[in-house]
Structure formats: C-alpha cells, structure tokens
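Peer 1: Taken in order, these protein sequences are the chains called S and W. Numbered according to the working numbering, the first sequence terminates at residue 121, and the numbering increases by one at each position without gaps. Numbered according to the working numbering, the second sequence terminates at residue 294, and the numbering increases by one at each position without gaps.
Please note: incorrect hints may appear among the correct ones.
Calculated cross-link-like contacts (lysine-lysine; reagent style DSS-like; alpha-carbon spacing at most 25 Å) [as the list claims (entries may be wrong)]:
| id | chain 1 | residue 1 | chain 2 | residue 2 |
| --- | --- | --- | --- | --- |
| 1 | W | Lys-32 | W | Lys-51 |
| 2 | S | Lys-35 | W | Lys-225 |
| 3 | W | Lys-112 | S | Lys-47 |
Ranges of calculated distance between the beta carbons of each label pair, as one might list FRET restraints [unchecked claim]:
| id | chain 1 | residue 1 | chain 2 | residue 2 | range |
| --- | --- | --- | --- | --- | --- |
| 4 | W | Thr-47 | S | Thr-5 | 35 to 41 Å |
| 5 | S | Ile-12 | W | Ser-167 | 34 to 40 Å |
| 6 | W | Ala-95 | S | Gly-72 | 27 to 33 Å |
| 7 | S | Thr-32 | W | Glu-128 | 30 to 36 Å |
| 8 | W | Ser-253 | S | Gly-111 | 35 to 41 Å |
| 9 | W | Glu-43 | S | Thr-32 | 46 to 52 Å |
| 10 | W | Val-81 | S | Lys-70 | 44 to 50 Å |
| 11 | W | Val-81 | S | Asp-92 | 24 to 30 Å |
| 12 | S | Ala-98 | W | Glu-117 | 22 to 28 Å |
Hint data in this document are derived by calculation from the structure and do not stem from the laboratory. On a predicted model such as this, the values are computed, not experimentally measured, just so you know. Positions of the beta carbon are idealized from the N, C-alpha and C atoms, including for glycine.
Residue-level listing of the chains:
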Amino acid sequence: MMRCTQWAIVAILAPLLLIVSACSARYTAPITDAKGVTLRIHAPAAKTVSIVGSFNRWDRERDRLNGPGKDGWWGITLPLPDGRHEYLFLIDGRIWLADPYAQATADDGLGGRNSVLYVAR
Amino acid sequence: MKIPFVTAAVILLVVWGSASAEPGQKAVDEIKRSVERSALPQEAKETLLAKAREAVNAGIQPDDIAVMVSRGLDRGVDGKVIAGFLDTAVEVKAANLPVRPVLDRIEQGLSKGVPPERIFTATKRLAEKLADADGIVSSLVRSGLKAGKSAEKEAAVQTVARALERSVPEEVISQTGVKARKQNYSLSLFERAVDTVTTLAENGVPVNPAARLVQNAVDSGYSEKELLALERDILSGLREGRSMDEVIKRMESPMERRDFERDSRGLDREQMPGGPGMPGGSGSGMPGGSGWKW
Chain S
1 MMRCTQWAIV AILAPLLLIV SACSARYTAP ITDAKGVTLR IHAPAAKTVS
51 IVGSFNRWDR ERDRLNGPGK DGWWGITLPL PDGRHEYLFL IDGRIWLADP
101 YAQATADDGL GGRNSVLYVA R
Chain W
1 MKIPFVTAAV ILLVVWGSAS AEPGQKAVDE IKRSVERSAL PQEAKETLLA
51 KAREAVNAGI QPDDIAVMVS RGLDRGVDGK VIAGFLDTAV EVKAANLPVR
101 PVLDRIEQGL SKGVPPERIF TATKRLAEKL ADADGIVSSL VRSGLKAGKS
151 AEKEAAVQTV ARALERSVPE EVISQTGVKA RKQNYSLSLF ERAVDTVTTL
201 AENGVPVNPA ARLVQNAVDS GYSEKELLAL ERDILSGLRE GRSMDEVIKR
251 MESPMERRDF ERDSRGLDRE QMPGGPGMPG GSGSGMPGGS GWKW
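Chain S with its partners taken away, still in its complex shape:
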C-alpha cells in the first residue's frame, strides 16, 4: 500500500517537474536580417530543443537549436523565405511550446495553436 502511494506521487510529480522546467523557458522575439530569421529560447534544463513548423514539413529533428550556452539560451537562424510561417518549439522531443513573443498565434485546425511568423524583407 505504502509503495503504491510512493509510485503514485512519483507518477504525478515527474510530469509536473517536466512542465515546470518547460514553463521556466524564456524567449526573445524573432529577429529577421539578411542571413535569415533568428529565434531564441531560454531553456537551461532542456536536453534538446527543435523548431518545428510549416517551413520544414513539421519535421521534429531537422532544425535543432544550438545550445544551451552558458547562460542557458538556445538559438537558431533559419533562411526563411518571405511569407507566413507557423511553428512551435519542441523541448526534449516531448513538450510543444508556443513562442510567446511570436507576432501572432493561429488555430492549427487540429485542436491546438501555433505561433505565427511573418517574414517580409
């Protein structure tokens, strides 16, 4: 009985810790220049961070952010064409995070929401 309770506590706490570490992520607004669009996220506890979106056919592996730096920031510069792009960050291959500094958010048509980025040079 005691062991069951301990396992139940672990089962509840583990996902909670994961969510807390994801929620502690900080961001900066996307920056567009001649090289492309730079996106950053502060997620010191993350092991991997990917950006997944309409520009990479929603591939979870293709565009991994570099990091973490000593300050816990991850970043990537993508050569995106002009136009409207939808995306999300994927932390440790499990947690989908919208970018709170995105220009807008959009219904994904599947019951969730995506971040929206307009590139217009």
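Starting from the known structure of chain S, fit chain W onto it as the hints suggest.
Peer 2: Just chain W, lined up with the frame of chain S:
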C-alpha cells in the same frame, strides 16, 4: 569533330537529367523502403505503394508523400488511413485547388501525434473550405478584382479558406473583396486584408470590429505593408494589456487623419496609389512526375 560534340551534349543531357530527377527519386526510394519495412500485410503494402504512385502522378511532391507515408507508418497509423490522406490530397490537386495547406495539415498532425481520425476529419473539412474559398475568389475576380499570376490566386484561396475555417463570415470576406475592387486594388491586397481580419479574430478581436477596421483601412488606401503593420500594432497593444476599445481607437485615428488629408487634397479614392506588393503563401506544384522508378 561533330561526333564528339554530339556525344558530349548527350552525356551532359543524361547527367543533367539524372541529377534533376535525383531528389524525386530519393523520395520515391524512401517511400518504398518505409512501406517494405513496415509491419503491414503484403496486400496492404501493395495498395499503399499504388496509392503513393497515383499521388506522384497527380503532381504531389514526392517529398511530401514520403513524409506522410514514412511518418504515418512510424507512428503506427493504419495503411488504409494513410491511403485516405493521399486520396484527399489527390482530390484537392485534381480539383485545381492549392494542395499545400492540406499537405501541411497532414504532416503537422502526424508530427504532433494527433489521432489519425482527427487529422482525417480536419483535412476533409479544410478541403471543403478550399473549394468554397475558390468559389468566392473566382467570383471576385470575375466581378473585376485584379488578379495577377496564378500564385496570387492560389495564395488568396488559401487565406480565404483559413478565414472560413476560423468562422469569418463569407459576407465579410466578400465585402472586403468589393471594397478592394472599388479601390482598384489587386488580389494580393485583398488577401492581406482577409489575412489581417482572420489573424485579429484568432487573437481575440471580435470579427465585426476587426472587419470594420480592416475595411476602413482598405477604404483609406492602406498598402499591404501598412495592413501588416496595423495587425502588428493591434496585437502588440493587446499584449501590452491595453483594452480592445483603446487599441481600436488608436488605430482608427491615423485612418481618419489620412482620409482628411486626402479629402483636403481633393483626391478621389480611386486615384489613391496602391501599396507595394508582397508575396503570398507558397503553393505546391510539381511536374506530374513520372520519370521515377517504382
């Protein structure tokens, strides 16, 4: 001397041909590999491969088919359901509608682990909205809204479909089109205006005030870049915690000022210049591919 020249030309053509076919062939090979190594029964493998071949022949990019097939199989989606995804894409392509949003939704749903039935339903709904959107855009073009390249119409259809999916009423879309036509604007400005209404509605601004604001902006001669800036300003105002009324009023004043300035100069609305063009979304489109080996 002639013979070596002809030989060199032939070799160049062959090398160029094989190099240009390579990316598509790579995707076709990936489809075959994914299907072969899957746990599907032999008959189901053959059916899925035939469906993939049909999709390639219909002009869907092999890379997209490879993503749908391999991602679907990796996630344990039934072969029949994957074939259903491909069928929907082929139907949309055959109806001469933009297929990119449909492919995007399927690829996105599979990547996010959305239940296949939900992806299927959402994709079918999107296909219907694309058909409705095509009707609206075609009717506006027939009634005089300037349409440039086919990519411009494709982008407009995609944006109108997105608006319809987000419950922006057809009437609002058509009214915006009529206003753009009266201003002698192009389809791409209409597309930007509908996109702005949709984005505002998706981010908390009720449809009617959003539509009124954007339609007033169109009346005031806003360019595409100015419409985009308007959208950004409203959203950042809301993010900063300003009230909806305050944000909308702040946006309306520059329009009123602009109308006043224009009226003082005695310019007729139809004489106002349009704004610089901005490219719209990208559509798919591939040669109906059949140089690839199956």
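Peer 1: Hint by hint, say whether it matches the structure.
Peer 2: Each hint, compared with the structure:
At roughly 12 Å between alpha-carbon atoms, Lys-32 of chain W and Lys-51 of chain W fall within 25 Å of each other, so this suggested pair holds. Of the supplied pair hints, the one linking Lys-35 of chain S and Lys-225 of chain W holds, its CA atoms being roughly 21 Å apart against a limit of 25 Å. Annotation: proposed proximity of Lys-112 of chain W to Lys-47 of chain S holds, straight-line Cα distance about 19 Å (limit 25 Å). Taken as a hint, the range 35 to 41 Å is violated for the pair Thr-47 of chain W and Thr-5 of chain S, whose Cβ atoms sit roughly 51 Å apart.
A hinted range of 34 to 40 Å for the beta carbons of Ile-12 of chain S and Ser-167 of chain W is consistent with their spacing of about 38 Å. Taking 27 to 33 Å as the suggested C-beta distance range, the pair Ala-95 of chain W and Gly-72 of chain S does not conform, at roughly 49 Å. The beta-carbon spacing between Thr-32 of chain S and Glu-128 of chain W, approximately 35 Å, falls within the hinted interval of 30 to 36 Å. Between Ser-253 of chain W and Gly-111 of chain S the CB atoms are about 39 Å apart, so this pair conforms to the stated range of 35 to 41 Å.
Glu-43 of chain W and Thr-32 of chain S have their C-beta atoms about 50 Å apart, which keeps the hinted 46 to 52 Å range intact. For Val-81 of chain W and Lys-70 of chain S, the Cβ-Cβ distance of about 46 Å falls inside the hinted range of 44 to 50 Å, so the restraint holds. Judged by the Cβ atoms, the range 24 to 30 Å given for Val-81 of chain W and Asp-92 of chain S holds: they are separated by roughly 28 Å. Restraint check, Ala-98 of chain S to Glu-117 of chain W: a C-beta distance of roughly 25 Å satisfies the suggested window 22 to 28 Å.
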